[in-house]
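Protein chains: 2
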Amino acid sequence: MSAERNIQVQKKVLSENDQLASKLRTEFAERGILTLNLVSSPGSGKTSLLEATLGTLQPSLRIGVIAGDVQTDNDARRLQAAGGTIVQAITTGGACHLDASMVTRATEQLDLEALDVLFIENVGNLVCPSSWDLGEDAKVVLISCTEGDDKPLKYPAMFRRSSAMVINKIDLLGLSDFSLETVKNNALSINGELGIMELSCRSGKGLEAWFDWLHRSLKQKRSGR
Amino acid sequence: MSAERNIQVQKKVLSENDQLASKLRTEFAERGILTLNLVSSPGSGKTSLLEATLGTLQPSLRIGVIAGDVQTDNDARRLQAAGGTIVQAITTGGACHLDASMVTRATEQLDLEALDVLFIENVGNLVCPSSWDLGEDAKVVLISCTEGDDKPLKYPAMFRRSSAMVINKIDLLGLSDFSLETVKNNALSINGELGIMELSCRSGKGLEAWFDWLHRSLKQKRSGR
Chain A
1 MSAERNIQVQ KKVLSENDQL ASKLRTEFAE RGILTLNLVS SPGSGKTSLL
51 EATLGTLQPS LRIGVIAGDV QTDNDARRLQ AAGGTIVQAI TTGGACHLDA
101 SMVTRATEQL DLEALDVLFI ENVGNLVCPS SWDLGEDAKV VLISCTEGDD
151 KPLKYPAMFR RSSAMVINKI DLLGLSDFSL ETVKNNALSI NGELGIMELS
201 CRSGKGLEAW FDWLHRSLKQ KRSGR
Chain B
1 MSAERNIQVQ KKVLSENDQL ASKLRTEFAE RGILTLNLVS SPGSGKTSLL
51 EATLGTLQPS LRIGVIAGDV QTDNDARRLQ AAGGTIVQAI TTGGACHLDA
101 SMVTRATEQL DLEALDVLFI ENVGNLVCPS SWDLGEDAKV VLISCTEGDD
151 KPLKYPAMFR RSSAMVINKI DLLGLSDFSL ETVKNNALSI NGELGIMELS
201 CRSGKGLEAW FDWLHRSLKQ KRSGR
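First to last, the sequence lines map onto chains A and B. In this text, residue positions in the first sequence follow our numbering: the first is 1, and each later residue adds one. In this text, residue positions in the second sequence follow our numbering: the first is 1, and each later residue adds one.
The following block holds chain A by itself, in its conformation from the complex (with noise of 0.2 angstroms):
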C-alpha cells in the first residue's frame, strides 16, 4: 500500500472521529459539564493528580473520570479508591489514544446529568492523542520535573493544542537538570496561550492553584465565556 494511501485511510478515520466528538461535545454543553482531556507521558502523574482532585474537591463538585488504559485496570482501582463516578475505557486492540467512540461509549455508562466535571485520563503518549479529538472542552497536559525540559519542543503538537500545562513533582526540582524557566520557555515559544500551574502531587504544594483553575474553568463554561 502506498504511503499516500495510508495517508487518505488515516484522514478518512479522523475525519468520523471528528463527527462523534462534536456530538459529544454539545451533549457536555447542554448539561454544563466540564470535560478535560489529561494527555501526558506515561508516569507523569495523571493518576496522581485525579486521586487528588477526587480527594478534595468531591463531593462539592460532582466529578466523573473516564480511565483509559492500554491494559490493566490500575488507574480505574485508584481512582474508585478516591471516589468519584469512574468509567473505564480500555483501549480496543491496545490502541496508543483514546478516540471519540470508546469515550462515546464510556459515557454511555455514565450518569451525565450528575455530573460538573468529566475528566478523561487518556493513554500516556505525547503523540497520537494529540490529534484525537473527544469531544473535550480543553487539553491539559502533564509534565513532571524527571521528564526532559525540551518536551514541548520535541512534541509540539501536543502543547499547542492544550490549554494548560500542569508542571507535576516539583518536589523533585534540582535532582536532575530540568529546569523549569526552560520548560514554561519552551512551552510559550510553542503555545502562547497556555495556562502553566507548578505542582507536586506527593506533597500538596501548589494543588490550590490547580484546584482555582478547575472552578474559574468551571465557571467560565457556565456563564458561555
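Derived from the structure by calculation, the hints contain no laboratory data. Errors might be hidden in some of the hints.
The list cannot tell twin chains apart, which means a pair is met if one copy fits it or any two copies do.
Stated by the list, open to error - Keeping only pairs whose Cα atoms sit at most 25 angstroms apart, straight-line, the calculated SDA-like set for lysine to any residue is:
{"hint": "1", "residue 1": "Lys11", "residue 2": "Arg161"}
{"hint": "2", "residue 1": "Lys11", "residue 2": "Ala95"}
{"hint": "3", "residue 1": "Lys11", "residue 2": "Thr26"}
{"hint": "4", "residue 1": "Lys12", "residue 2": "Ser131"}
{"hint": "5", "residue 1": "Lys11", "residue 2": "Gly174"}
{"hint": "6", "residue 1": "Lys184", "residue 2": "Thr72"}
{"hint": "7", "residue 1": "Lys184", "residue 2": "Arg78"}
{"hint": "8", "residue 1": "Lys205", "residue 2": "Gly174"}
{"hint": "9", "residue 1": "Lys205", "residue 2": "Ser179"}
{"hint": "10", "residue 1": "Lys184", "residue 2": "Asp73"}
{"hint": "11", "residue 1": "Lys219", "residue 2": "Ala52"}
{"hint": "12", "residue 1": "Lys184", "residue 2": "Asn74"}
{"hint": "13", "residue 1": "Lys184", "residue 2": "Gln71"}
{"hint": "14", "residue 1": "Lys184", "residue 2": "Arg77"}
{"hint": "15", "residue 1": "Lys23", "residue 2": "Leu175"}
{"hint": "16", "residue 1": "Lys205", "residue 2": "Asp171"}
{"hint": "17", "residue 1": "Lys221", "residue 2": "Ala29"}
With chain A's structure known, arrange chain B on it following the hints.
For chain B alone, coordinates are given in the frame of chain A:
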C-alpha cells in the same frame, strides 16, 4: 470506514514493514552489527544512556545511532557532541514510532562497514513502537525510577517483546513510591527471560553492567549463538 476495514489496512502496512525489516536484519547480520532498538516513555533517559555509552565505549567499539525524533534534532545534536556516527530520522508526518522504511533510509547515510553496534533510538512512546519491527537483534526498554512501577503491566506488549529492561535514575530511588522489587516482579511476570539492569546515567552507578551486557551481546551475535 468500518473498524474491520481499518484493521485490514493496518495489517497490510505492518506486513510490508516486516518484509523491509527482514531485509535490514539480513544486512546487519552479514556485517556482524549488533542492532538494538531502544524504546521507552518520553523522558526515561534514552539519549542520556546513549551519551554515556558513546562517551565511554568509543572508539574501541564503533557505534552508530539512528536518532528518531518527532520534530526536533535535539537528541541528534546531543549525541553528535558525545561522538559516534549519528543519523537522524525525523518521523514522517510526526508519526509516533519509527518504521523499517525510515530505518532503511537512515542506514543509507551510514557506513555500515565501519560499525560494531547500531542503536536505533525510537520515539518516546511505550505503545506503538512495540508493533514495528526495525530489523533489530533486540529491543531494550528503559524505565525510570520516577515513573510508575506498574508500567510493565500497563504496557505488556513492549516488555514482552524486549530482551532487556534498563531501570534508569536509580539515584532518585526513595523519593517516590517507585519500588525496584515491584517493577522487577511486574516485568518478570510479563517476560521471564528479560535481562534487567539498574543504573543512573547521572551518577554513573551501574553503567558497567550495561557496558558488559553490550559487549556480551555483540560477542554472542558474532559467534552466531
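Copy assignment of Lys11 with Gly174, given that the CA separation must stay at most 25 angstroms: neither (43 angstroms within a copy, 46 angstroms between copies)
Alpha-carbon proximity context of Lys184 and Asp73, limit 25 angstroms: between (33 angstroms within a copy, 20 angstroms between copies)
25 angstroms Cα threshold - placement of Ser131 relative to Lys12: Classified as both: same-chain Cα gap 13 angstroms, cross-chain 22 angstroms, threshold 25 angstroms.
Lys184 and Gln71: within-copy, between-copy, both or neither at 25 angstroms Cα: Between copies, since 18 angstroms is at most 25 angstroms while 33 angstroms is not.
Identical-chain pair category, Lys221 with Ala29, by Cα at 25 angstroms: within (8 angstroms within a copy, 60 angstroms between copies)
Homomeric proximity label, Lys11 with Arg161: Cα distance no greater than 25 angstroms: Only inside one copy: Lys11 and Arg161 sit 18 angstroms apart there, 30 angstroms across copies, limit 25 angstroms.
Within, between, both or neither, where Lys11 and Thr26 count as close if Cα-Cα is 25 angstroms or less: within (23 angstroms within a copy, 35 angstroms between copies)
Intra- versus inter-copy proximity for Arg77 and Lys184 (alpha-carbon distance at most 25 angstroms): between (33 angstroms within a copy, 21 angstroms between copies)
Intra- versus inter-subunit Cα pairing at 25 angstroms for Lys184 with Asn74: The answer is between: 17 angstroms across copies meets 25 angstroms, while 31 angstroms in one copy does not.
Homomeric proximity label, Lys205 with Gly174: Cα distance no greater than 25 angstroms: both (16 angstroms within a copy, 19 angstroms between copies)
Intra- versus inter-copy proximity for Thr72 and Lys184 (alpha-carbon distance at most 25 angstroms): Between. Shortest inter-copy distance 17 angstroms satisfies the 25 angstroms Cα cut-off; intra-copy 33 angstroms does not.
25 angstroms Cα threshold - placement of Arg78 relative to Lys184: Between copies only: 21 angstroms across, 30 angstroms inside.
Hint compliance for this structure: hints 5 and 15 are broken, all remaining hints hold.
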